Every structure is written in structure tokens, then in C-alpha cells.
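A.B. asks: Quick note, the sequences are listed as chains A and B, same order.
Anchor point for the first sequence: position 184 equals 184 in full-length UniProt numbering, and the numbering is continuous, going up by one each time.
Anchor point for the second sequence: position 244 equals 244 in full-length UniProt numbering, and the numbering is continuous, going up by one each time.
It is possible that some hints are incorrect.
Claimed, not checked - In silico lysine to any residue, SDA-like type, Cα no more than 20 Å apart, as pairs:
#, chain 1, residue 1, chain 2, residue 2
1, A, K428, B, N100
2, B, K43, A, N151
3, B, K333, B, S396
4, B, K372, B, Y353
5, A, K78, B, D199
6, A, K43, B, E430
7, A, K285, A, P318
8, B, K244, B, E123
9, A, K14, B, L153
Stated by the list, open to error - Between beta-carbon pairs, the in silico distance windows are:
#, chain 1, residue 1, chain 2, residue 2, range
10, A, F415, B, E232, 27 to 37 Å
11, B, S134, A, L324, 31 to 41 Å
12, B, F120, A, R105, 26 to 36 Å
13, A, T255, B, D35, 48 to 58 Å
14, A, Q158, B, L373, 55 to 65 Å
15, A, F253, B, G269, 51 to 61 Å
16, A, F415, B, F374, 36 to 46 Å
17, A, S344, B, T416, 28 to 38 Å
18, A, E86, B, D35, 31 to 41 Å
19, B, E221, A, R105, 23 to 33 Å
20, B, Q346, A, S134, 55 to 65 Å
To be verified - Beyond 10 Å from chain A on every Cβ pair, some chain B residues (computed):
#, residue
21, R6
22, Q44
23, A65
24, P69
25, F81
26, Q88
27, E123
28, E150
29, F200
30, E231
31, G256
32, P318
33, G357
34, S396
35, T408
If you're looking for bench data, these hints aren't it; they were derived computationally from the structure.
Values in this document were obtained by computation on a predicted structure and should not be read as measured data.
Think of the CB as a built atom: it goes at the ideal place given N, C-alpha and C, for glycine as much as any other residue.
There are 2 protein chains.
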Amino acid sequence: MANYARIQDIGKPKVVIIGGGFAGLELVKSLRHADVQVILIDKQNYHTFQPLLYQVATSGVEADAIIHPFRKIFEEQKNFFFRLAEVQHVDTVQQLVETNIGLIRYDFLVIATGATTNYFGDEQMEHNAIAMKSVADAITLRNTILCNFENALQLDDQEQLNSLMDYVIVGGGPTGVELAGALSELRLHVFPKDYPELDFKSMDIYLIQSGGELLKGMSAEASKKSQQFLEEMGVKVWLNKRVKSYDGYTVTFNTGETLVTRTLIWAAGVTGNPVPGLRPESLLKGNRLQVDAHNRVMGYENVFAIGDIAAMVTPENPQGHPMLAQPAMQQGKLLGKNLQHLISGQPLQPFVYKDQGSMATIGRNKAVADLKLFKKEVKSQGFFAWLIWMFIHLVSIVGFRNRLVVMTNWFWNYFTFDSGNRLILGNKQENVPITETITHKTVL
Amino acid sequence: MANYARIQDIGKPKVVIIGGGFAGLELVKSLRHADVQVILIDKQNYHTFQPLLYQVATSGVEADAIIHPFRKIFEEQKNFFFRLAEVQHVDTVQQLVETNIGLIRYDFLVIATGATTNYFGDEQMEHNAIAMKSVADAITLRNTILCNFENALQLDDQEQLNSLMDYVIVGGGPTGVELAGALSELRLHVFPKDYPELDFKSMDIYLIQSGGELLKGMSAEASKKSQQFLEEMGVKVWLNKRVKSYDGYTVTFNTGETLVTRTLIWAAGVTGNPVPGLRPESLLKGNRLQVDAHNRVMGYENVFAIGDIAAMVTPENPQGHPMLAQPAMQQGKLLGKNLQHLISGQPLQPFVYKDQGSMATIGRNKAVADLKLFKKEVKSQGFFAWLIWMFIHLVSIVGFRNRLVVMTNWFWNYFTFDSGNRLILGNKQENVPITETITHKTVL
Numbered sequence: 001m002a003n004y005a006r007i008q009d010i011g012k013p014k015v016v017i018i019g020g021g022f023a024g025l026e027l028v029k030s031l032r033h034a035d036v037q038v039i040l041i042d043k044q045n046y047h048t049f050q051p052l053l054y055q056v057a058t059s060g061v062e063a064d065a066i067i068h069p070f071r072k073i074f075e076e077q078k079n080f081f082f083r084l085a086e087v088q089h090v091d092t093v094q095q096l097v098e099t100n101i102g103l104i105r106y107d108f109l110v111i112a113t114g115a116t117t118n119y120f121g122d123e124q125m126e127h128n129a130i131a132m133k134s135v136a137d138a139i140t141l142r143n144t145i146l147c148n149f150e151n152a153l154q155l156d157d158q159e160q161l162n163s164l165m166d167y168v169i170v171g172g173g174p175t176g177v178e179l180a181g182a183l184s185e186l187r188l189h190v191f192p193k194d195y196p197e198l199d200f201k202s203m204d205i206y207l208i209q210s211g212g213e214l215l216k217g218m219s220a221e222a223s224k225k226s227q228q229f230l231e232e233m234g235v236k237v238w239l240n241k242r243v244k245s246y247d248g249y250t251v252t253f254n255t256g257e258t259l260v261t262r263t264l265i266w267a268a269g270v271t272g273n274p275v276p277g278l279r280p281e282s283l284l285k286g287n288r289l290q291v292d293a294h295n296r297v298m299g300y301e302n303v304f305a306i307g308d309i310a311a312m313v314t315p316e317n318p319q320g321h322p323m324l325a326q327p328a329m330q331q332g333k334l335l336g337k338n339l340q341h342l343i344s345g346q347p348l349q350p351f352v353y354k355d356q357g358s359m360a361t362i363g364r365n366k367a368v369a370d371l372k373l374f375k376k377e378v379k380s381q382g383f384f385a386w387l388i389w390m391f392i393h394l395v396s397i398v399g400f401r402n403r404l405v406v407m408t409n410w411f412w413n414y415f416t417f418d419s420g421n422r423l424i425l426g427n428k429q430e431n432v433p434i435t436e437t438i439t440h441k442t443v444l
Numbered sequence: 001m002a003n004y005a006r007i008q009d010i011g012k013p014k015v016v017i018i019g020g021g022f023a024g025l026e027l028v029k030s031l032r033h034a035d036v037q038v039i040l041i042d043k044q045n046y047h048t049f050q051p052l053l054y055q056v057a058t059s060g061v062e063a064d065a066i067i068h069p070f071r072k073i074f075e076e077q078k079n080f081f082f083r084l085a086e087v088q089h090v091d092t093v094q095q096l097v098e099t100n101i102g103l104i105r106y107d108f109l110v111i112a113t114g115a116t117t118n119y120f121g122d123e124q125m126e127h128n129a130i131a132m133k134s135v136a137d138a139i140t141l142r143n144t145i146l147c148n149f150e151n152a153l154q155l156d157d158q159e160q161l162n163s164l165m166d167y168v169i170v171g172g173g174p175t176g177v178e179l180a181g182a183l184s185e186l187r188l189h190v191f192p193k194d195y196p197e198l199d200f201k202s203m204d205i206y207l208i209q210s211g212g213e214l215l216k217g218m219s220a221e222a223s224k225k226s227q228q229f230l231e232e233m234g235v236k237v238w239l240n241k242r243v244k245s246y247d248g249y250t251v252t253f254n255t256g257e258t259l260v261t262r263t264l265i266w267a268a269g270v271t272g273n274p275v276p277g278l279r280p281e282s283l284l285k286g287n288r289l290q291v292d293a294h295n296r297v298m299g300y301e302n303v304f305a306i307g308d309i310a311a312m313v314t315p316e317n318p319q320g321h322p323m324l325a326q327p328a329m330q331q332g333k334l335l336g337k338n339l340q341h342l343i344s345g346q347p348l349q350p351f352v353y354k355d356q357g358s359m360a361t362i363g364r365n366k367a368v369a370d371l372k373l374f375k376k377e378v379k380s381q382g383f384f385a386w387l388i389w390m391f392i393h394l395v396s397i398v399g400f401r402n403r404l405v406v407m408t409n410w411f412w413n414y415f416t417f418d419s420g421n422r423l424i425l426g427n428k429q430e431n432v433p434i435t436e437t438i439t440h441k442t443v444l
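Between the sequences and the hints, there should be enough to build the whole structure, so can you do that?
C.D. replies: What follows is the structure, given as C-alpha cells:
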């Protein structure tokens, strides 16, 4: 006999949502007055505010301030049930989700599993690089950076020093740009005070972009200005270069050039994170599930997908919508309405993406923003964009307490030129042991 | 040839301090204008404010708010050098500290390694119980508690449920009392909202004390009142009982009674944490180093010990001073002065302990305090003691930013009856697997 997970049956249609990212969270909210049972499954007990992961990695805010437990977010929502579980398989015939805590029956299934780091099949890279998709990644990077400097104190060989003090960030999207900016501010204001015995003039930060511009998808002004800001801050921006391999010590480029670093941050792409058991024909390129205008997965009646994992192919978006928070949230919200319409037999409303613009912050008083305000495009680079960025991110963080803590940190960091959380607490990445003699010949 | 750790030589007497707890921290501060080189060795890069560990364990504050990186604390102190290292051995003839990063030469050595959990040789207990001495312990307990409830949702066998929902805290000192109080507040205000599917009437919290009173060392009024407060909050206080064994599931007492729990918190005692290489004759009962009135370790000229690891035997303190923050801080401060006197050939000042009283908090508006104000003893139990407790702890936390974050949390928790950090992030304790069938016969 099959083993079912124990979940109270409230005698209402069961909407099972896999994944509590931006899309899943909005869907749960949108169903708060619906006559359904909402069952959210996630392998963490908290929602992660991904846009600020880079600040956790660079000691700017504490991890706890950007994550929020699901049970707390929805403690007032009576139709909400949470299960901490890992999904192993989906059986769309029996309408069952197979998890490590047992089977969960659904009437409507929503896949909101998001995206995962794309190493394009390079296992060596996956093993040696640090990603920037989860709180665990961010904490790993923070600990690794701090340990690098502690270890650097014990070395005088220049190449070994470079391997610990230089950083290579691959991927010139918002994550790469924001991380490069934050690291370079630490190099300027914080690390020299913490490690007066080290020479931070020899700390190099490389930002590698395979294409010809940073922040692809934003305006030409934003791309250009972000590069200018970064270069003014001493970041070495390498465009039109691809990383061919990374063995944990030497980065080799398609041009034949090499760099030495023990810390390579891989922010070069994501791929859909689908659930086993769905028909393979529903998967498009990039591992995303093809959905119709109502976010229904092609080939199913009662299986939906929202957010990064969903590819809604439209003439404007032949690859699906951009894998960003905004389309995810908008899809989650609309699907909540549509599921209620479906149950009550009303017509469904097709999804129309309202792009409100995008932005990235580079450093103190420096951000770039392409906004759509009152149907007008407003482009801004510099202080005003930075204020907007802070405001939007603060109000978007889930939970008033978290907002307070993040704001306290930001004020503190801004006025003291400090970042408080320089703690080595938890995991770190260990590549080539430092005691090992390495005799690479380096070009740079 | 011996392998030395690289530390810049500033040509001044080297004071090497092992351990950055309350004692070590005060000593470094006290040497800020001294004509010496201060070298602090710690295996963490941060100082831990231990009195609030129990709040990290019970989701009251984030771990990051009660720990503070050494390099940040002392970034303005020019004679301060920090090394993240583990001490393996001390060679008092060659005046060398052997660490995992190499040898460190000293002119004056100060052992400030504190105390560690005392399991009295019970290896099974050490393996199965959770201690409460480090941030890692506190995070482990927090994650374990939250996972217990997630797992409890999947069970209906009452004994299995009890094993996940009941908590046994061994040790009726401040840690045990404060932890029992905080857990019982979570049971009242927070957990039932998070887990409406569980029945929290069946959650039991046991506080076990081998002696006849809680908070031994405090006044009779404080002991009695703290027990009354806890019992009013539903904590089962068991006095005059000793735990004989704990296999990760069944707790067996010297009386033959048993309890079932997967989570036993061991706060029943500490023992000194000495450094290998010192003469065994210097060690007293409880693994503490015998020191004279100037905190000099018996048998040495230039080796000192301060804080929990030091036992200064006096007529009033035949076992040495209590292992608390206050004597540790006072010894650290005085030793800073005395080392300078020693170097300049002035007479040393003997240590006199100024007991400013002690306190413990039990819950909202409830604490007990025995204070010494203007040489008068002031005993208080209840709201006033609770205000004092909060004030003293807030001003004692290192770092203004941390004070802000802790205060924000406390205000938030107080007015919302909430505790925000209910995150399962990091390690947890896993004893007997839940799938395993257990057929113990339980008395209770």
C-alpha cells in the first residue's frame, strides 16, 4: 500500500504548489480567500529574497534578514498548509506528488520550482566554482572570502597570494555586476582595515562577460554606465571572453589567456529546474516547461507552471518571459485568480506581462535603472537610480522585521563605510589545498 | 627547521593570548595603549556573546547579532594582530605556541581558553545531547526544534509524537532556566500559530536539576521565584534528580524513572579547557589552571591564565571564582595593567573580585536579579528585574550595530508576541531515525 504524507483533509480542492519562490509565494497569497486547500511544498522552510544574496555574500546583511519562514508569512491564512519535503516524482495520472515524506494528492498541481545554476555540463566547473542562487551559496562565498585573507597572511609567494586575493566573477548580469561592485567597495573601505598586513593593491576583481556588454537586456545607457562605474571602482571588466575551464586554481579562457584564483563565482546562466515525471515533450530548450497563456503546462488539464520554470512563448517573448522576479510574481498572482475562475466555471484571463523595468546597483550612490513609469520610459544612472533601487528592494523584502533589520544594516554601512557581518560561520569552499605546491605558469 | 606562522614583527614584547572570550577581549582592550605586540589566537574569527545563545536557539535573535568579528572590534588598535588558528601545544621552554598555521613565539602567554561542556565522561550523552556553549550549538538546537515539529506532522503514534515534541533540559543554572522559559513562551505564543495541525497541549518541557534548587549561587528568593515563574508557565521542574543515561530516545533517571525525547539539552556543567603542554601539576580539579593573585599560572614566570580556565584559590573562593563573565572581564582588564607594570618594573596589583550580582530572565516581564548597587544588596524578581536584565545585556553586547539589531528584535518580539528567526538553516542533531520502530516501554 502506498504511503501517504499526513495532511489534514479539509474537503476542498487541493492546490499543490511545488516551490515557494517569488511565483509560489504570490500564488499562495492570491488564493488566501479561495475555497481551496493550498499545500505548499518546499525543501526549505523559508522564502529567499534572492536579489540581496550578493549582500549576504559580501557581509552587507545577515542571511536571516533576507529569508522568511513560510509558516510565519502565512500564519493568518487558514487554507494554507506547508510541508517541508523534497519532491521526487510527479504522477499526473494518479494525481500524486511523490515526496520523501510520502505521497501528496492534488487536484491542481503548480510547478514553481524556479531555475538552477547552469554549468552547461561542465562538471569540473560545477565542482570548483561557487554559485549565487541560494542562501547556502551566499554564506559559502562569504566564508570563503574571509578565509582566503586569513590564509593569505601566511604566504609570501606572489602567485599563491594572487590565488587567494583575486576574484573572478563569470557572468555580467545583475548578480555579477552587483557582486563585483560590492567586492570592490569592501576592497576600498573594509578589508584594508581588517587586514593591515595585506596589500590590497594586489587584490584584483575580474568580471567576465561572454557578450559585448554588461546587463544584457537593459538599455545601452545602463550597460555602458555600469561598466564605467565598475571600471572607475577598479573592477577589471573583460568583455567578449569565455571561460574554457577552471581547475580550482587556473582559469583558462577561449583566447588562451589564464588567470589564477581559488575563488571563481559562476553567475553565467540558469536553467529550468523541472520535476521528474512530466512528459518530456513539454520541456523546451533551457529546461523550461511550455505553458499556454493561462500558465497551463502543454498537454495537461490540471498541471500549471509559473515563474522561471515556465516558458510562455509569445511573439514578443519567443523564448518565454525573462527569468526574473516580476513575471514570476505576476504569473503567480494571476494564476491564483484563474484557479478560482476554473473551479467556479468562469472564463480564464490570459497573462499579459507588465514590464516595470529593471535595475542594478553598483555601489554607494551608484545604480542603473530603466524604469517604466506611467507608460513612459525613464532611464537613470547614478544617485537617483540608487535611491530607487534601495526603496524598491526594501519594500519588496517579505516581513516588516526583515525590512527593519536590512534598513538598519544599510544605514549603518552607508554612514560608517563598514559592513558588519564579516563572520566565518558555516561552510566554505575548499579547492586546491594551500599547502600543495602549484607550479602553473601564469600569463597574468 | 621549524615552521613559523607569519606575523609582522614590530620589535615589541609579544603578548600572545589564546582565546577571545570575555576575558581575552578585555585583556586586548586593556593593552590598547601598551608598548607591546598583542597577538590574539582564536579558532573562530568572532567573539560570541554567550549569555544570549539561548535566544538564538529559540529563534529570538539572529546568530549574527550576538557575534562580532575580532578584526572589526579592534580595527583601530594598532598593536593588535589576529590569527585564526587552532592551538595544538604550548612549549614553555622555547616560548612557542604550536598551531595549525605554524609556531608563534611569545614573551608573555595568556591562556584564556574558557570552559567546555562537561559530560562527566559519558560518551553516549556527549553524542546524543545538544550542548549550549557555542553559536553552532545554538543554531543546531534551533534547527532541531523546528525539524522536530515538521517531522511530528507525519506521525500519529503518541509516544513517537512525544519523542519529537517533548524537551528535556538538564541543568538548572541560568542557561537551563532561560532556555526552559523561552521554549515555554514559544509553546504559548508562536508554535500553535505555525503548526495548527499539532496539539501543543502535549508538548512537555522538563527542567532537571540534580540539586534541590534552581539557579544555585543566587539568593533563595531568586531560586524560589524562578521555579515559581517556570511552573506557572507550564515547565515541569524536577529537582533532586540525576540523569543516568540517554540513548538519543529514552532518558533514564537515577530514580528509575524514564522520559522519551529526541532532544535533550545538556546544560549541566562545564569544565576547564586547558592547552596541552603545561605542567599537569598546575591543573586543579575541574581542569582549571591554578593561578596566583596576579593570574600567573603556578610554576611559570610568563604564563598567565584568565577567565573560566583560571582558578584563583582564595579563602572566599576555595574552588576559584565562579565561571562567569564578570570575573573573566575583571581579570582580563587587570592583567592588561599588570603586564604593563611587569614590563616597566612596577609592582603588580592583586586581583580582587567585585561581584556586581547576577540575574536570569525567565520570560516576558519576568526575571530574577540579585544586584549589588552602591555596596547594598538589591533583590528583585519580576518586571523590574526583567528591565534591568534587558538593559545590562543590551549595553554589554559588543558593537553598536549588534545592539541595534538585538534591540529591534526584542521590541518586535515583545509587541508582536512573535520570534522571527524560525529558520532551518545549517546543521541539526539527528539521533534515532524516525522511521526506526522503537518499542521502549515508557513510564511517563
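A.B. asks: Could you run down the list of hints and mark each one as holding or not?
C.D. replies: Here is what the structure says about each hint:
Of the supplied pair hints, the one linking A:K428 and B:N100 holds, its CA atoms being roughly 18 Å apart against a limit of 20 Å. Restraint check for B:K43 and A:N151: the C-alpha separation of about 13 Å stays at or below 20 Å, so the hint holds. Using a Cα cut-off of 20 Å, the hinted pair B:K333 and B:S396 holds, with the two alpha carbons roughly 15 Å apart. Simply put, B:K372 and B:Y353 have alpha-carbon atoms about 13 Å apart, close enough for the 20 Å limit, and the pair holds.
Proposed proximity of A:K78 and B:D199 is supported: the alpha carbons are some 16 Å apart, at most 20 Å. Distance hint between A:K43 and B:E430 is fulfilled; the C-alpha atoms sit about 17 Å from each other, no more than 20 Å. Distance restraint check for A:K285 and A:P318: the Cα-Cα separation of roughly 11 Å lies within the 20 Å cut-off, and the hinted pair is therefore satisfied. About 12 Å separates the Cα atoms of B:K244 and B:E123, which keeps this hinted pair within 20 Å; it holds.
Taking the CA atoms of A:K14 and B:L153, the gap is near 18 Å; set against the 20 Å cutoff, the hint holds. Hint check: A:F415 to B:E232, Cβ distance near 45 Å, so the stated range 27 to 37 Å is violated. Hint check: B:S134 to A:L324, Cβ distance near 40 Å, so the stated range 31 to 41 Å holds. Distance hint check: the CB atoms of B:F120 and A:R105 are about 51 Å apart, inconsistent with the given range 26 to 36 Å.
At about 55 Å, the beta-carbon gap between A:T255 and B:D35 stays in the expected band of 48 to 58 Å. For A:Q158 and B:L373, the Cβ-Cβ distance of about 60 Å falls inside the hinted range of 55 to 65 Å, so the restraint holds. For the pair A:F253 and B:G269, the beta carbons lie near 59 Å from each other, so the given range of 51 to 61 Å is met. Separation of A:F415 from B:F374 is about 38 Å and conforms to the stated range, judged on CB atoms against 36 to 46 Å.
For A:S344 and B:T416, the Cβ-Cβ distance of about 36 Å falls inside the hinted range of 28 to 38 Å, so the restraint holds. In this structure, A:E86 and B:D35 break the distance hint of 31 to 41 Å, their C-beta atoms being roughly 60 Å apart. The hinted range of 23 to 33 Å is not satisfied by B:E221 and A:R105, whose Cβ atoms lie roughly 58 Å apart. At about 57 Å, the CB distance of B:Q346 to A:S134 agrees with the hint of 55 to 65 Å.
Taking the minimum C-beta to C-beta distance to chain A, about 5 Å, the non-interface status of B:R6 is violated against the 10 Å cut. Its beta-carbon lying about 7 Å from the closest one in chain A, B:Q44 breaks the requirement of being farther than 10 Å from that chain. A beta-carbon of chain A comes within 10 Å of the beta-carbon of B:A65; the shortest separation is about 7 Å. Distance check on B:P69: its Cβ comes as close as 5 Å (rounded) to a Cβ of chain A, failing to clear the 10 Å threshold; non-interface status is violated.
With a cut of 10 Å on Cβ distances, B:F81 falls inside the contact zone with chain A, its closest approach being about 8 Å. In this structure B:Q88 is separated from chain A by more than 10 Å, as the shortest Cβ-Cβ distance comes to about 16 Å. Even its closest Cβ contact with chain A, about 27 Å, leaves B:E123 beyond 10 Å, as expected for a residue assigned away from the interface. Residue placement check: B:E150 does not keep its beta carbon more than 10 Å from all beta carbons of chain A (closest about 4 Å).
The Cβ of B:F200 sits about 14 Å from the closest Cβ of chain A, beyond the 10 Å cut-off, so the non-interface label holds. Chain A leaves B:E231 outside its interface by the beta-carbon criterion, the shortest separation being 29 Å against a cut-off of 10 Å. For B:G256, the condition that its CB be more than 10 Å from all CB atoms of chain A holds, with the nearest at approximately 35 Å. With a cut of 10 Å on Cβ distances, B:P318 stays outside the contact zone with chain A, its closest approach being about 39 Å.
B:G357, annotated as away from the interface, keeps every beta carbon of chain A farther than 10 Å; the closest lies near 31 Å. Chain A leaves B:S396 outside its interface by the beta-carbon criterion, the shortest separation being 18 Å against a cut-off of 10 Å. The non-interface label for B:T408 is inconsistent with chain A: the shortest C-beta to C-beta separation is roughly 5 Å, within 10 Å.
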